[in-house]
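Asker: Chains X and V, in that order, are what the protein sequence lines are. End of the first sequence sits at 890 in the working numbering; the numbers just go up one at a time, nothing left out. End of the second sequence sits at 125 in the working numbering; the numbers just go up one at a time, nothing left out.
If you are wondering where the hints come from, they were derived from the structure by calculation, not from laboratory data. Where is the CB? At the ideal position from N, CA and C, for every residue including glycine. Possibly wrong hints are sitting among the right ones.
[Claimed, not checked] Straight-line alpha carbon distances no greater than 20 Å define the calculated SDA-like cross-link-like pairs of lysine to any residue that follow:
1) V:86 / X:74
2) V:86 / X:24
3) X:29 / V:77
4) V:86 / X:20
5) X:717 / X:734
6) X:29 / V:83
[Stated by the list, open to error] Some chain V residues close to chain X (C-beta under 10 Å, calculated; not the full set):
7) 20
8) 41
9) 58
10) 60
11) 61
12) 82
13) 115
14) 117
15) 118
The residues making up each chain are set out below.
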Amino acid sequence: MIRSDIRRAFLLALRRRDRWEQEVEDEIKLHLALRAEALAAAGASADHAYAEAVRRFGPLDESRARLLDAARHREQHMQRTEWLADARQDLSFALRTLGRRKAWTSITILTLALGIGATTAVFSAVSSLLLHPLPYPNAGRIVLVDKQTTRANNTGIDVSISVGSKELLAWREQAHSFEALEPYATSTMSLETAGEPTELTAALVTPTFAAFAGQRPLVGRNFTPADLRAHDHAALLGESLWRTSYGADPAIVGKPLHLDDSIYTIIGVMPASLRIPSIVHREADVWLPIDLAGDTSNSGGYSVVGRLRTGISAATATRELDALLRRVPLPDMNPNMFHTRVQTPQALVPFRSSLILLMGAVGLVLLVACANVAHLVLAMSASRDREMAIRAALGAGRRRLIRQVVTESLALASLGVAAGVFLGWAGLKLIVALRPSALSELSAASLDSNALALAVVLGVASGIVFGLIGAFRNARRSPNDSLKSAATSASHSRRHEHARALLVISEMAMSAMLLVGATLLVRSVIHLEHVDLGFDPHGLYTLKVDLPHSRYADSIAVGVYERQLADRVRTIPGVRAAAATAVIPGEWYFRIGGLQVQGEAPPPTGTTQLIHFSPVSPSYFKTMGIGLREGRVFEDTSATSDQVVVNAGFARAHWPAGHAVGHRIRIVYNGKGAWMTITGVVADVATMGPMTQASDPMLYGPMPPARPSALVRTQTKMLARMQAANGSVGQLRAAALSIDPRVRVTIDPVERLMAESISEPRFVMLLLTSFTVLALILASVGLYGVMSYTVAQRTREIGIRIALGASGGRIARAVVGRAVALALAGAAAGLIGAVWATRLIESSLNSVSRTDPASFAIGATLLVAAAVAASVVPMRRAVSVDPVTAIRAD
Amino acid sequence: MVRSAASPAPALPVLKGTLDLLVLRALSWAPMHGFEIVSWLERAANGSLDLDDSALYQAVYRLEERGLLAAEWGVTENNRRARYYKLTTAGRTHLRAETRNWMQYASTVTAILTAGKDAVPAAGT
């Protein structure tokens, strides 16, 4: 019954209800009296007349109840009608008022819209990445499991060591912390249809994965252990592929599927909602089974997702897996070299800390916008003292005036929200367009209703709350005071001014924090863009050819292809140099173990450092343009070659005096490792991009030649340096296809790969800079408002000063000085805040310290410059005050 | 005017919905309070109406809610405070339209009831 209570309280003032009830009683009483009188006049006795009057009226109690009911109904209806009429009147009045103050209205709406728009866009983008758990039952207990090297990772790059099939089988049997552990992997395969091969994504899972994910096939059946034993190439289609390429054929089961030159049998269709753990929302085209038990090599590198048992923490699970790793050592693996890592699925999101940072930054923008709306509204209510006083004097009740203010705020807010939603939508589109490739699945982001709601509530609330503060302040004072000259209310508006100055200072402080952060990032990115990589990426191309296992099952076939490819690429006109390599720029290759220099003590047992070791062909150095500093490039590229080339950084670290050539080194893993002789020292290059140190130790060994016993390469990589960029890219592809038209070829300019390697800091920098600009504009608008108001309030004072001989310059200095003082107060608070807040972006900074004084100085300078700019118009107005008019006014 | 004995005509049963129309008609002359409306209706009907007086107030409240009547407090000839009702513009329009409808309806019904076997209309409408 609360609702009817509320409704009544809203529609009917208590006083009025009393009145209409009384009125009904009075009306009945009068009626009975008049009827009785009429009857008496016609000759009836007094008693009889009254009884007859009552009889004609109808059963009294019942009738009264009915009439009261009808009257209540009528009152409610009329109240409602009246309320609506008032609201309509308020609204049209509000719109007229807003229309009269076009500048103020547009600034307020724009402020709201920018705040709401920026916040929703960023929160939508980030929440689509961070807040959505993996789509499995009991999402809270889902974890990702991988391995890490025991020694501190010395590369600065997150290295996840995948899990082998034997380890996983042991975990599945013996680990009690998990309800389930599921391996998964993806693979790009070629689907042969009538036309040319198309590339598709295959997901490899065990037969239990679908149940783990709470899904079942739409058509047909899931894999069974029998499928694995029979090795009969069973495959399930993904729903999208089934719908698009097979017209959702219900009789698909049993049909063949040509994948990478093998024929699979389709046994069913998996729903689109079945996903492997990935932030990439793309579904798999084909599902293939993993045969854990049949994989005897333990080489299968699987990613692992698990579901913890209720009440088991990730830490407990990690301890148990680590213990298992030690207790059940696998052959050829030193268990002390690795430890397991159990983490939440959010770990899948790249740039996580940067995204959280951006949310914080945009939160600051929203706060600046709210502060701005607050003091725009305060300013407005102050300038309306007289209007309100006149309306109060003309008989408008306090309730009515407050209602007017609220209506106006709501009208303003609705316009702001509408514009904000539009800006949010456009902003999200922009973020999606700017996204780095690692955040590709941002493209699925849509406006987040929670974020929108939060921004709308904050913006609207700040408008209404501060509107009401102004209104109450007006209402408290008698109209008489307000109607008196402005001079008497000076002290009162001074207090008001303090409040607004505080709001502006806090806006300035928040802007200063953002300015420092953005400057740091801009400086860092500028630095990254000008880092000398040690080689020239211009005109350099990578060529990757995927060789289907079915036709390139042995290393001899692969070797033949690779030799032919190298020959053909070299003969392309415009190719200045080309090299086969196992590692191309942007990728990295490492060996695990401890490094030992001959003659020195071996590294402690169990050392698992990640040692950069790039297997390349001798022409790699020439193609990359890496200069030889000492000695020569290795010549022996046979399987038994013991030659190695080191970079200058490595040589300097071990032989500061030079003469590294001839020394012997080895990488010790599990107590073993063959000795290698250094034949040459080459220049430092940052092949992983500007964020890595070129001087980090690096070893180059000859590419192991294709030989029957070695693991079969499935991808051939080459580097080619072209005479002119873009010149012969098509010929590169043609060369690869001329040997075998059914292989998949990928060609990338190294310049782009290098640019992509700094896409995260660049993306964060771009967004943070735009928020900073936004915040600075908003804060400047706020400052402009305060300064204009101050000048308007003091027109008389300024007029007197000018009359007394103050120069225009002096007046101008006073105005600008006040603005700068406000900015400096804000800057002081903001810079102190920045000292703490820049901690958050420290990891995104390269070669710039987070307390970089230059960035702090630039931030403060920009803030003061914005303050000066914001005070120019008020300053002009102050200088041009005409003393005669100013003093005569009022 | 005691209904049982003295009335020259039998009490008129008020059809559902027509009471509103009668009230509007009563008020078309001048603003009246509740008892004046009842009295006018009884006079006009040349007898009493076959309904409780309270029903009239209900009708009045309903019409007020619909915006066809407006009420204000006034003073009777005998100096009593009474709630006076008057037609609003909307009420006057409504009365005109409903009167026309009613007349048409009544004459049609009359025509049917007085028609001969071959259904020649007794009179034009």
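Asker: Evaluate each hint against the coordinates.
Answerer: Going down the list of hints, with the structure as the test:
1. V:86 / X:74: Roughly 16 Å between the alpha carbons, so the hint for residue 86 (chain V) and residue 74 (chain X) holds.
2. V:86 / X:24: 17 Å, holds
3. X:29 / V:77: 17 Å, holds
4. V:86 / X:20: Roughly 18 Å between the alpha carbons, so the hint for residue 86 (chain V) and residue 20 (chain X) holds.
5. X:717 / X:734: Within the cut-off at roughly 15 Å; holds.
6. X:29 / V:83: 12 Å, holds
7. 20: 13 Å, violated
8. 41: This hint is violated: residue 41 (chain V) lies away from chain X, its Cβ roughly 13 Å from the closest one there, beyond 10 Å.
9. 58: Where the cut-off is 10 Å and the nearest Cβ of chain X is about 5 Å from residue 58 (chain V), the hint holds.
10. 60: 9 Å, holds
11. 61: Constraint on residue 61 (chain V) satisfied, holds at 4 Å.
12. 82: 6 Å, holds
13. 115: 39 Å, violated
14. 117: For residue 117 (chain V), the interface hint is violated, since the closest Cβ of chain X sits about 45 Å away, which is over 10 Å.
15. 118: 47 Å, violated
Violated hints, in rising order: 7, 8, 13, 14, 15; the structure is consistent with all others.
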